[in-house]
Structures are given as C-alpha cells and as structure tokens.
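For the protein sequence lines, the chains are A and B, in the order given.
The first sequence begins at 1 in the numbering used here and counts up by one.
The second sequence begins at 1 in the numbering used here and counts up by one.
Treat the hints as calculated values from the structure; they're not laboratory data.
Built from N, CA and C at the ideal position, the CB exists for glycine as well.
You may find that some hints are simply not true.
Stated by the list, open to error - Reference listing, derived: stretches of chain A covered by chain B, where coverage requires no fewer than 3 residues with Cβ under 8 Å from a Cβ of chain B: (1) 22-36; (2) 50-62; (3) 88-97; (4) 105-116.
To be verified - Below 20 Å or equal to it, Euclidean Cα-Cα: the simulated SDA-like pairs (lysine to any residue) are: (5) A/Lys90 x B/Glu233; (6) B/Lys261 x A/Asp72; (7) B/Lys61 x B/Ser254; (8) A/Lys54 x B/Gln150; (9) A/Lys90 x B/Ala217.
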Amino acid sequence: MAEPFEPKITAFVCNWCTYAGADLTGTSRIKYQSNVRVLRVPCTGRIDYMMVLKALHKGADGIIVSGCHPNDCHYTSGNYHARRRWMVFKKMMEVMGVDMRRITFSWVSAAEGARWAQLVNEVTDQVRALGPYSEFRQIVGAGIE
Amino acid sequence: MEALKQRAIELLEKGEVKAVLGYAKGTGQARRAFFARQPGQVDKLVLDEACTQNLAAYATKHEVKKLGRVAIVAPPATQRALIQLMAERQLRDGDLAILAVDEGAIKELGSAAALEEHLALKAQGLDAKDKTLLAKLDAMSREDRWAYWQNEFSRCMKCYACRNSCPMCYCEHCTMDCNRPQWVPVASHSIGNLEYHMVRTMHLAGRCVECGDCGRACPVGIPVHLLTISAEETVHELFGQRAGAKAKLDYALSTFKTDDKESFIR
C-alpha cells in the first residue's frame with residue numbers, strides 16, 4: 001500500500017527573529033507538524049530568489065520565507081529590501097504561471113513561538129491538500145536522461 | 001538621412017568623434033550595427049524601418065570605449081537605454097554624442113541633461129502587438145500561463161541571444177556562466193530554460209527600458225521581452241519609478257520605503 005502523501009516544506013528563516021521564534025516554539029514544548037525543513041540565513045535580505053528556485057528544483061512542495069517584522073530588522077533594513085524583492089518576485093512567478101499558493105511569505109518575531117507553530121501547520125495543511133508539486137517535478141525530469 | 005550623414009561626416013572630419021555607430025545593410029532585408037571610422041564610410045549608413053536593433057548594447061563594450069568618443073544613432077528605445085546606462089554609471093555624461101532619431105528628425109544631444117529633457121517630451125508607449133499579448137497572458141488561468149510558457153520555452157536552446165542583445169546585460173561575469181555554485185543548470189532542458197528566464201527577468205526588473213530587442217533577437221521567436229516588460233511594469237506600479245527616463249535613478253530593488261505596500265505577507 002502506498003504511503004499517504006507528506007509534503008516537503010522548505011523554510012528560509014532569518015537568524016534573529018523567525019529562527020529564534022522557532023526555537024521558542026520548541027522550548028515552549030509546542031507541537032507542530034514535522035514536514036518543515038528549516039534553513040537559517042543571517043537575514044531576510046540574504047534570501048536570494050535563486051535559493052527559492054533551488055528549493056523547488058530540489059523537490060520542495062511548499063516554501064516558507066520568514067523574517068523579522070518591518071522595523072525590527074537586526075541589520076536595520078534587510079527586511080525592507082527583502083520585501084521589495086518579494087513583491088517583484090511574486091509577480092514574476094505569477095506571470096510564469098508558478099503556483100504561488102505553495103510559497104508563503106511571513107513575518108514571525110522571536111517572541112512568536114506559537115505563531116510559528118500555527119504558520120507551519122497552516123502551510124503544511126494547505127500544501128498537503130494541494131498534493132505534490134508534480135507540475136514542477138515533471139519539468140525537472142524532462143529532457144534529462 | 002542626408003542630415004544624419006552630413007553630421008556624421010562633420011563629426012568625423014573635425015575629429016570630435018572617433019567613430020559613428022549606426023546601421024548598415026545586413027543579410028537580406030536585415031540591418032546590422034556599423035561603425036563608420038572614416039568620413040568615406042559614412043555613405044554605408046542606412047536609416048529606415050528595419051533599423052530596430054538597440055545599439056546601446058555596444059556602448060558599454062571595452063572595444064568601443066577604447067575608441068574614444070563615439071557618436072551613436074539613437075532611436076527612442078536606444079535613447080532610453082543610454083540614459084539608464086548613465087543612471088547605472090556604465091556611461092559617463094559626455095562619453096557619447098547622441099544622434100537622436102525621432103520619426104526621421106535628427107537632433108544631436110551631447111549631455112545627459114539634454115537627453116533627459118528630450119526624453120521627458122515623449123510618452124513611452126508599448127507596441128500594440130505586445131499590449132494584446134500581455135492582456136491575453138493576464139486573462140489566462142494560472143495553469144494556462146504555465147502551459148503557455150512551458151510550450152514557448154520548449155523551443156529555447158539557451159543561445160543567450162536575449163542576454164547578449166540587451167543593453168542592460170553588461171555584467172562581465174554573468175550568473176548564468178557561474179558554475180561554483182551552479183545556480184542555473186547550463187543545459188537547455190525544461191528546468192534549465194525556466195530558471196534561466198526567471199533569473200533574467202528578475203535581473204531586469206526595474207532596469208528594463210522596454211525596447212523589446214531580446215524578443216527580436218530570439219532566433220526561435222519566444223516573446224521573452226514580455227517577461228521583462230511585465231516585470232518593469234510591476235516595478236512601476238508598485239514603486240512608481242521607471243527605468244530609462246532619468247540620468248539619476250536609484251535601482252528599485254536596492255532601495256526601499258518603509259511604507260511599501262503589499263498584501264501577501266502574513
């Protein structure tokens with residue numbers, strides 16, 4: 001019997017807010033779904049869109065990108081720069097026809113442990129309902145012998 | 001045309017420029033870029049409907065910069081590209097004598113300020129055919145858009161003509177050629193093509209002057225210019241600035257406003 005589909009979620013989180021927030025989720029003993037793979041980067045400003053593309057390429061079914069709330073960036077302005085980039089990136093992906101329900105952008109602070117758990121649960125449920133991103137998987141395999 | 005040739009001869013004879021970069025007859029009906037280095041070569045210059053290539057792509061090349069001051073024949077799209085190159089500090093004010101061509105009329109512009117003033121007088125409009133295609137794409141469902149681009153990209157062989165024809169793609173070390181780490185697969189299979197076009201589009205968002213030369217350069221007719229144009233329009237819509245109008249412009253993605261408006265970040 002085939003096992004039920006479990007989505008792979010890649011989360012790009014900033015060191016200072018969301019990573020610390022996810023840490024707080026753990027130390028607070030809040031349980032959440034284990035589908036998420038957390039990748040820590042120094043700042044949301046470091047999250048190159050090519051990293052997101054790479055995650056999709058390597059088999060992610062869903063992606064979370066998260067960092068400090070506006071005004072709370074450890075480096076003062078990294079998240080503002082990132083916000084602009086995401087605004088343009090999201091539109092570009094829509095024009096290309098990528099399923100943007102699979103990519104979630106969010107702000108989670110170091111104090112929002114419960115919010116992190118809730119975010120991961122919501123995203124995991126949504127992507128599980130959408131099923132594997134076979135549209136993308138198909139083209140990753142196409143033309144490669 | 002005669003006025004252009006006359007001025008070109010004058011410029012070359014007086015030694016004000018080392019070369020005049022314009023168009024000459026190419027294969028068949030095509031026009032190609034042509035450097036007139038001596039007054040005697042000016043006769044080869046052509047100026048007609050078929051002269052669509054954006055010659056600003058040559059202006060940043062080492063070989064051209066080494067020549068010294070060059071005059072460049074510049075239809076509106078080329079004018080926009082030149083001012084954007086100045087905004088990105090790739091060209092110095094006064095490096096070029098700009099022979100602005102607008103519906104047959106020639107006007108010589110020697111400085112960034114003159115070019116800016118000249119551009120401010122004109123409205124920038126999209127090609128009717130591109131507008132229809134963009135509207136068609138916009139009206140499609142997400143799945144259809146995906147299928148549309150996948151179908152178009154299936155012909156892509158990654159010849160990089162779109163990159164090389166673009167006046168804004170002047171980087172000496174392009175991400176596409178970077179193999180440590182290799183961000184974008186070199187091979188021209190589905191995923192390699194998709195990622196290439198995504199990255200190219202992102203790199204031109206906020207910098208595209210909407211000349212459409214990438215689309216014209218494509219040997220298999222993929223409307224790649226629609227991608228960069230729509231990215232440029234997005235930047236205009238979101239941040240209220242447009243490339244190719246001002247000689248001083250902060251790159252949209254390296255600046256920010258604390259009150260940038262978005263509705264999708266949870």
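The hints, checked one at a time:
1. Only when three residues or more bring their CB closer than 8 Å to a CB of chain B does the claim for the stretch 22-36 of chain A stand; here the count is 0, and the claim is violated.
2. With 4 residues having a Cβ less than 8 Å from any Cβ of chain B, the stretch 50-62 of chain A passes the three-residue criterion, so the hint holds.
3. For a cut-off of 8 Å, the count of residues in the stretch 88-97 of chain A with a CB near a CB of chain B stands at 10, and the three-residue condition holds.
4. Counting residues of the stretch 105-116 of chain A whose CB falls under 8 Å from any CB of chain B gives 3; the rule of at least 3 is met.
5. Taken as a hint, the A/Lys90 and B/Glu233 pair is honoured in the structure, with Cα atoms around 14 Å apart against an allowance of 20 Å.
6. As the CA atoms of B/Lys261 and A/Asp72 are separated by approximately 17 Å, the hinted pair is consistent with the 20 Å bound.
7. A hinted pair counts as satisfied when its Cα atoms are at most 20 Å apart, and B/Lys61 with B/Ser254 does not qualify at roughly 25 Å.
8. At most 20 Å may separate the alpha-carbon atoms for a hinted pair to count; A/Lys54 and B/Gln150 meet this at roughly 18 Å.
9. This hinted pair does not check out: A/Lys90 and B/Ala217 have alpha carbons roughly 27 Å apart, beyond 20 Å.
Violated hints for the displayed structure, listed by number in ascending order: 1, 7, 9.
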